[in-house]
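Given chain A, put chain B in place with the hints provided.
2 protein chains.
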Amino acid sequence: MDPAQEVLGGNRLALARLLTQVENGSSQGLAALQVLFPHTGRAHRIGVTGPPGTGKSSLVNQLALHLRRSESPRRVAILAVDPTSPFTGGAILGDRVRMRDLSGDPGVFIRSMASRGSLGGLAAATSGLAAVLDAAGFDVILIETVGAGQAEVDIARLAHTVLVVEAPGLGDDIQAIKAGILEIADILVINKADQPGVEATERALLGMLQLAHPTPHVFPGERKQHHLPDSPAMQAAALESAQFNDWIPPVQRTVATEGGGIPELAAHIEQHAAHLRANGGWERREAARLQSELDELLQQALIARWRRETPEAHYDTVLERLTQRQLSPWQAVKELLEGDWL
Amino acid sequence: MDPAQEVLGGNRLALARLLTQVENGSSQGLAALQVLFPHTGRAHRIGVTGPPGTGKSSLVNQLALHLRRSESPRRVAILAVDPTSPFTGGAILGDRVRMRDLSGDPGVFIRSMASRGSLGGLAAATSGLAAVLDAAGFDVILIETVGAGQAEVDIARLAHTVLVVEAPGLGDDIQAIKAGILEIADILVINKADQPGVEATERALLGMLQLAHPTPHVFPGERKQHHLPDSPAMQAAALESAQFNDWIPPVQRTVATEGGGIPELAAHIEQHAAHLRANGGWERREAARLQSELDELLQQALIARWRRETPEAHYDTVLERLTQRQLSPWQAVKELLEGDWL
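Those sequence lines, one after another, are chains A and B. Position one of the first sequence corresponds to residue 1 (our numbering), numbered consecutively onward. Position one of the second sequence corresponds to residue 1001 (our numbering), numbered consecutively onward.
No wet-lab data here; the hints were simulated from the structure. Ideal placement from N, C-alpha and C gives every residue a C-beta, glycine not left out. Any given hint could turn out to be false.
[Claimed, not checked] For the chain B half of the interface with chain A, some residues (derived, Cβ under 10 Å), not all of them:
{"#": "1", "residue": "T1040"}
{"#": "2", "residue": "G1041"}
{"#": "3", "residue": "A1287"}
{"#": "4", "residue": "I1303"}
{"#": "5", "residue": "W1306"}
{"#": "6", "residue": "T1317"}
{"#": "7", "residue": "V1318"}
{"#": "8", "residue": "P1329"}
{"#": "9", "residue": "V1333"}
{"#": "10", "residue": "K1334"}
If we strip away everything but chain A, and leave its shape as in the complex, we get (with noise of 0.2 Å):
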């Protein structure tokens, strides 16, 4: 049978083989991607990230069993993302045990992705992992990974609700780098709150929340009330304007490895889909994330192309005139470009 209709058919078998044909970027996998593909866009993607030693996947391992315990449970696909190590593809999260409460459940699917991928950066091979369980009808994809760089926010940008975990006492320099991250978060988690220094890290949050949403009258978790305009022009400019679209993030306290704040940090979630399903907030952001891989496939498929048309020998020439300083590298472009070896 084909590998792409038995993932549509619910082997779980099928689900690990096709994802590691697809991490691996192999033809095979590439060739289900496509079949699969217009079965995607149903799942609510979540990215999860923050600093190491935020206690990441202990708070993703309770809101998986979370939602699986709720009353209408979900399935849920978690998705393990290690973007901090190039070289020894490293396992840090694949490496830790995953709770014992989610094993042997046929509605959760976990997988950790050390390796970088081959299907042109580690956010296009996640990508692309997550589509696959996006067909394979996980309702939940949670999309976790650690670090403070460009691939965090390139991954976190895979998903349509951020969350970005901190903890008590990590130190000025931490505190600092959130200023960037905290322009990605949807939901701000603060996990270890039974940890000394809590009070300290929640008003650094506040502080810089308040910094970025000078609105007095709104508190976090609260959305700015907007009434659309009557005419249907004005109110695709009132659905377009970031005013309209404003959410606060809400600022949760956690512990998860006692399953605190976890329900309430749940509702902030489902808050959250609602609010972009009811301003097109969730048709922008999938539209945003395909153009960004298209764009990122197009750019692939550019340099493949020039490489099979451009004799090896040639590149070669050049790079080594460019080595020896003879041509910089724009003229060395140039040189490449203006095809003068046909």
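Frame of chain A; chain B shown alone:
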């Protein structure tokens, strides 16, 4: 006078102005870079990286001071790059007040780079600034970068010598992350070595080194002894082999705030440069860096050319069909590249 000539002539104001132009990717900046390029390749580029909170800035300042006060003082440039804040263009490093001892010294030039640059990523922009400083005659360029991810690795790769800075007591998670970053380290620094936990950090680093370089009779900081074979062909092969080039990264404790361990660290840096020069590693690192810059520029040029040649409306139509899931991303790329809109 031509900006590039002014920079070659030692005009600091022209240097500062050109660095801004190169960082912004302006056409004047690019034109000057082309003039300066043949004058590059002399400076020792030293990357300094590691997690936040390890005191990298103090360490860089003290190293610069040491190099200025040595018997044959070197001209030192400091390039502080912050890849962790892609949105705000955060100036974590830039905001810090640099040591009073360095200010006013004409043999020192300090530059913070907070924006992402538009030369195609932070690494490319950093490389452009380093090239200008190299051409301007600085003997040593200290490239300081914070974070723990791909951006950091890309930036570290611009250097001949990479220092990875750690500090005692940064927690288990951060310890684990070292596994990846270790593979780019030429020298390991334990800064803040007067703090508790320094022995544990040192043990952990030595343990990881032992795993990475399982050669029992070589101590960190010592080069493995190899003798070149007689035949030129075999010499070339030996030079290419990883074994000959093996350099066991030394582990150096420092207390940068008080200057402790800085002379020893500077000696390790000298030894590493001598090691690279002795076995052709210097040229290989230069060639690898220039090739990756060439590939990066080539990629950008290919995309720019494709954009010029493709009607925007065609792209928009394909994107719309992708968003509607009528096309998969791969089918969309195929439509865009087949040029049936011609």
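Original post:
Against chain A, is P1329/B within 10 Å by beta-carbon distance?
Top reply: holds, 5 Å
Original post:
Can we keep the W1306/B interface hint, with Cβ of chain A closer than 10 Å?
Top reply: Given a least distance of 6 Å, the restraint on W1306/B holds.
Subject >> Residue hint T1317/B, partner chain A, criterion CB-CB below 10 Å >> reply: violated, 12 Å
**OP:** Using 10 Å as the Cβ threshold, decide whether V1333/B counts as touching chain A.
**Re:** holds, 5 Å
Original post:
Holds or violated: is there a CB of chain A closer than 10 Å to the CB of I1303/B?
Top reply: The hint holds - I1303/B has a Cβ within 10 Å of chain A, the shortest such distance being about 6 Å.
Original post:
Holds or violated: is there a CB of chain A closer than 10 Å to the CB of V1318/B?
Top reply: holds, 8 Å
Subject >> G1041/B as an interface hint toward chain A, with CB separation required under 10 Å >> reply: It holds, given that the least Cβ distance between G1041/B and chain A is near 6 Å, below 10 Å.
Original post:
Does T1040/B pass the interface hint, meaning its C-beta sits closer than 10 Å to a C-beta of chain A?
Top reply: Hint on T1040/B: holds, closest Cβ of chain A at ~7 Å, below 10 Å.
**OP:** Hold the hint about A1287/B up to the distance rule: shortest CB distance to chain A must be less than 10 Å.
**Re:** Because about 5 Å separates A1287/B from the closest Cβ in chain A, which is inside the 10 Å limit, the hint holds.
**OP:** Would you check whether K1334/B satisfies its interface hint, that is, whether its CB is within less than 10 Å of any CB in chain A?
**Re:** Cβ of K1334/B sits 8 Å from chain A, so the hint holds.
The earlier numbered hint that this structure contradicts is number 6, and it is the only one.
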